[in-house]
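Heads up: the protein sequence lines correspond to chains A and B, in order.
For reference, each letter of the first sequence is one residue, going 1 to 481 in our numbering.
For reference, each letter of the second sequence is one residue, going 482 to 726 in our numbering.
Please note: incorrect hints may appear among the correct ones.
Only part of the chain B face toward chain A is listed, based on derived beta-carbon distances under 7 Å [as the list claims (entries may be wrong)]: (1) E518; (2) F662; (3) A672; (4) A686.
For the record, the hints were derived by calculation from the structure and aren't laboratory data.
We put the beta carbon where it would ideally sit given N, CA and C, even for glycine.
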Amino acid sequence: MSTDNTTQPESFGENSRRALTNPLLQRALTIATVKATSARSVAVTHVGPANWEQLRDRAHAIKKHTIENLDFYLEKFAGNVERLGGKVYWAQTADDACKYVAELAQRRGVQEIVKSKSMMSEEIGLNHALEDAGIKPIETDLGEYIVQLANERPSHINMPAIHKTRSDVADLFAEKLGVERTEEIAEMTALARRVLRARFAEAQMGVTGVNYAIADTGTIVLVENEGNIRLTTSLPRIHVAIMGIEKVIPNLQDLDVFLLLLSRSASGQKMCSYVSLLTGARSSQDEEGPDEFHVVLVDNGRVEMLSDKQLRESLYCIRCGACLNVCPVYRKIGGHAYGWVYPGPIGAVLTPQMIGLDRATSLPFASSLCGACGDVCPVKIKLPDMLLHLRQRINDNGHIKTKARKRDRLERLSFKFWAMAMKTSRRYRYVACFGRLVQALIRKRNANGSVSLRVPQWSDTRDFPPLARRSFREQWRDRSH
Amino acid sequence: MKVSIFITCLVDQLYPQVGMAMANLLTRLRVEVTFNEEQTCCGQPAFNSGYHPEARSVAEQMLRLFARELESTDYIVAPSGSCVTMIRKYPELFADNAELKLQAEYVRQRLYELSHFLVEVLGVEDVGSEFEGRVTYHDSCHLLRELGVSRPPRKLINAVRGVEFVELDDAEVCCGFGGTFSVKHPEISAAIAAEKVACIERSRADAVVACDASCLMQIGGMLSRKGSAIRTLHLAELLASPVSK
Numbered sequence: 001m002s003t004d005n006t007t008q009p010e011s012f013g014e015n016s017r018r019a020l021t022n023p024l025l026q027r028a029l030t031i032a033t034v035k036a037t038s039a040r041s042v043a044v045t046h047v048g049p050a051n052w053e054q055l056r057d058r059a060h061a062i063k064k065h066t067i068e069n070l071d072f073y074l075e076k077f078a079g080n081v082e083r084l085g086g087k088v089y090w091a092q093t094a095d096d097a098c099k100y101v102a103e104l105a106q107r108r109g110v111q112e113i114v115k116s117k118s119m120m121s122e123e124i125g126l127n128h129a130l131e132d133a134g135i136k137p138i139e140t141d142l143g144e145y146i147v148q149l150a151n152e153r154p155s156h157i158n159m160p161a162i163h164k165t166r167s168d169v170a171d172l173f174a175e176k177l178g179v180e181r182t183e184e185i186a187e188m189t190a191l192a193r194r195v196l197r198a199r200f201a202e203a204q205m206g207v208t209g210v211n212y213a214i215a216d217t218g219t220i221v222l223v224e225n226e227g228n229i230r231l232t233t234s235l236p237r238i239h240v241a242i243m244g245i246e247k248v249i250p251n252l253q254d255l256d257v258f259l260l261l262l263s264r265s266a267s268g269q270k271m272c273s274y275v276s277l278l279t280g281a282r283s284s285q286d287e288e289g290p291d292e293f294h295v296v297l298v299d300n301g302r303v304e305m306l307s308d309k310q311l312r313e314s315l316y317c318i319r320c321g322a323c324l325n326v327c328p329v330y331r332k333i334g335g336h337a338y339g340w341v342y343p344g345p346i347g348a349v350l351t352p353q354m355i356g357l358d359r360a361t362s363l364p365f366a367s368s369l370c371g372a373c374g375d376v377c378p379v380k381i382k383l384p385d386m387l388l389h390l391r392q393r394i395n396d397n398g399h400i401k402t403k404a405r406k407r408d409r410l411e412r413l414s415f416k417f418w419a420m421a422m423k424t425s426r427r428y429r430y431v432a433c434f435g436r437l438v439q440a441l442i443r444k445r446n447a448n449g450s451v452s453l454r455v456p457q458w459s460d461t462r463d464f465p466p467l468a469r470r471s472f473r474e475q476w477r478d479r480s481h
Numbered sequence: 482m483k484v485s486i487f488i489t490c491l492v493d494q495l496y497p498q499v500g501m502a503m504a505n506l507l508t509r510l511r512v513e514v515t516f517n518e519e520q521t522c523c524g525q526p527a528f529n530s531g532y533h534p535e536a537r538s539v540a541e542q543m544l545r546l547f548a549r550e551l552e553s554t555d556y557i558v559a560p561s562g563s564c565v566t567m568i569r570k571y572p573e574l575f576a577d578n579a580e581l582k583l584q585a586e587y588v589r590q591r592l593y594e595l596s597h598f599l600v601e602v603l604g605v606e607d608v609g610s611e612f613e614g615r616v617t618y619h620d621s622c623h624l625l626r627e628l629g630v631s632r633p634p635r636k637l638i639n640a641v642r643g644v645e646f647v648e649l650d651d652a653e654v655c656c657g658f659g660g661t662f663s664v665k666h667p668e669i670s671a672a673i674a675a676e677k678v679a680c681i682e683r684s685r686a687d688a689v690v691a692c693d694a695s696c697l698m699q700i701g702g703m704l705s706r707k708g709s710a711i712r713t714l715h716l717a718e719l720l721a722s723p724v725s726k
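Extracted from the complex, chain B is given alone in its bound form (with noise of 0.2 Å):
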């Protein structure tokens, strides 16, 4: 199986490891990975604002990267469910461009988070590696509730050898990130981020798991700012964390 993966710009700037570890993860099950160093960004800062023109010139040359790479591979695969979310809109954002949104809506059916793709694609859920510790998770909104992927995640964390696995309390609830919100609105975003911190207190976890880097931003924010010991891992980096024997 072939797979194309779309590095989100946040992944690759500030979080290349979560990139890396994706790759890697790949890799190993077996899966021929391929990256377009031509991807920027998928627009949603922009048409999240309220910016539909840019969004759209953005937009449309990630869209018709994405369909040359599935003219030679299968999928595309990213480690964000909010970026992904942004894609499958495309359709929408193309509506009045019949080719476009022709593109657009095989792109939309070819594009998977990482969770959700090993899961429900490769059909794995232990991909043999292991991590000593108490780990929680936090459901990114997008994730949860444009993708509907719950469950997958949790699954796969269970199953790393040497996890002891315990949830969050509201961890359904938004961490108050939101994008532009997060700078529009910082005391009412960072209010929102301290009562996920609590949350994550309260799990006593050593670290907290996440889908979405955007998320593990804010929260790590907030623990980098109490100076808790708390980590903050991607998904990614959870389960390309050392392979058991």
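Isolated chain A (complex conformation) (with noise of 0.2 Å):
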């Protein structure tokens, strides 16, 4: 996990409410998530409706296709990744895949090392481990390399810093590089530029992601509009990419789907800047690359989600960040509310099933189920159903505390009491009856005249209707009569 751990996913009520309360959070959201969504709307339509659709079904069979025969083609992509030269760590564990990497730069004696970036590495918490070893991590993709200034964890799955606007980077860069203030983008992209520029020359090793690996050829592919992933890769002498063993695609042919949805998805753009496709380590008639190439498979708990029928797709996730962009509660809160690294909806779905369904009970709630996640997936995750199933999965184990266990408790006899009265349409009108008894209490006039009710949770923020003096199956058995 990365260095900032001020919010955790058991305190998202009160992490939302500090985000809702930051206009220029809520301003920086706005802009960025809604020009990610109609970009990518746009690109949507180019390639027509029917065709995107056709798409989303066949990478969402691709995906369902080899999930189902991982281990088949995870010994293949492992086989050919060795065959040319590469090494392959099996890393059960976050630690196991921290301890894999810094135990190798620390055999190889190197101190610094440039990283691209990587969800995994956020997942496993790898820049920390790297540091309690006496390595320094150098974060070079633009986002990335601001968060880390900042000591804070990325708010989006691939744009990291969507939570800071213009102005803060202005100031943290004039803090911790010691340059003169400017709010110039161009100047500030140039100066971190020159910076990283002089870590990538020094360095002996770079660590990246991978977006996809094809089992065919042991080829990874990585996706990027900066260039600093193609340098990562090609000038320190050692290369070590750390996937989740879900990464894994049948062959090329397969690639070609993923890339005309992943860069569309998440930032509208018909393809990304960079596409290397990275096959196994230099041979003697290369005349560049690394000498070294590693790649260490992630479980990471995956291998269980593999068996959980009901939440298996959420390993199809390719990381677009597009249900992040569409949800409208993440475009309120950002990722940090979310409290760990995945945020938005796949967020709420993923977390759960990582850091243990006891820890995240407030995630799969975080979502006004409006179901426009699922429409933009570009495989077709059923998110929707899925925080339907992880809620009814919380409250069945009555034995997880949460931090609000008493309000459980209350909610959980409300419903026994709801179910109870609208078993009857006896019961129903009496609760109605007594509803409208009791709503004389709560009464308040507005100031537009009109009369509300004080709801709890409800009307500090907006005006609740009364009950109708009579309803509709009253008034409807008068007009019978």
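The two chains are supplied separately, each in an independent frame; assemble them into the complex guided by the hints.
Set out below in structure tokens:
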């Protein structure tokens, strides 16, 4: 996990309230998410909605097939990497993965590592582990670099510094890099580039994530816009790629489908500026490239996710971030409110599976179930269904201790009562009658003269209408007689 | 044609005029309307909050009621995309009970949300109503995304005499209600509603129309808190408004 541990999934309520009262964050979130969603819509229109649906179906089918035959494709991929002179390490846990990278660096006398953006490295807390081992990790993606300088955690899957405004970054650069403050974006990026180029020139080891791993050829595929991944994978003499085991796909034809979907879903781009296909370590005929190529295959709970029929599809995710951009909740609270590595709807599904249901009970409820996430997902993950399923699982596990234990018990009781009341129309009518009697106690007059009810958790922010003097069924009865 | 109407609990208790409008409208369109007073709630509040046993116990009696109703009527029609979506999930909810599942699948085929029913089944777009003013439309999430209904309500609104229809910016973005979400996370829910209301205000509409009372409660609650003069109208109310000559 990154060094920013100020938020936790179980303090979701506080986290989100903090986000809602931060006007700069609100502005930054609106600008970035609106831009990304409208660019995506334009891109989908260009492809044609019917073609887009076909691509999504195809991607879903490929993922389904690969995940259901994961052992076969992983072994094939690993075999090919090794045949081409690469090293493969199977890491069962986050610690295993971190330890492998840190020890490798120590053995090779590496003190500084250039890193490209990787959600997997966030998930396993690689930077922290490297620092503990006396190795300095340097993020080279501009957004990640900003987040690292600020000692924070990325707040979006592919726009890590989405929560920062231009002015925030100007302050940060002036403070941390000891330069004169400027808000000129060109100057700021040029500055970051100068600093990072110097690090690239010295670096002995580069660490990247993986977008896709091709089983057939042992190739890893990396997609980016800045070119820093190319440098990370070509300048240092050692390249370590860390990947979740779900990243493998059968062959290069399948890659085509995902390349068509990924950048359009993420940013509306037809194609990202750089798509790198890296196959094996440098051979005697190659003029450049790293001498050593390592692939770390990380399980970290994925095998268990695989065995869970209801939630297995969450392994299909290609980390495009479209579900975040379109989510009305994410748009209002940003990524840090979710309290762990993966935010938004996909985060609300992944986090409970990765850190434990009991440590993330709030997240599956952090959704209005509007379904926009499921609609934009390029691999057709049924996110709303999974959120519903997780809600049920949390309630079915009465032993889970949540922060709001008392309120949960009250809620459970309320639904038991509700179910009894709704079981027959007679009870339903009694409850409604009772409601009409007691509503006099909570009536208030609004500024415009109308009447509303004081309803806890509602009336602080909105007016609640009073119950009608006569229900529909009463009016209907009059009409029929 | 004979239709049994499903009046959702929210409409029954808070917005009975919506139910009456729907009944009057259907009658006007020469549909024979019946209402079974034994109905209560579709079970969605419990289902969406993760209380499936509770949802099932309520849903089961509703399912049996709908199946009985369909012995003597042709369709079930409801003024809500959300509750219709819930009932359409009954086959999945009763997947382990062959008899109920079969019933649920039958009910599912004969169940319609109002605007969908008018345009698809009755083949009507102009119901002959009249409303003076600028009107905009909010797409309710379940109606739009689960039932795929977005054109029928627009066609119906456009055909109302006197209406100047204007599309709402981000019409398909959620209003932030989300059932129990609206009280579990009231601040987030209200912040989302505030965005919706800002779009509505920008449209300079006199009234915002939707096909779900729940969205209208959320949007209306925010408009009312702001002291706005913009009205919220259920589609049924707009369509039942004075018949033009």
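What hint numbers does the structure not satisfy?
4
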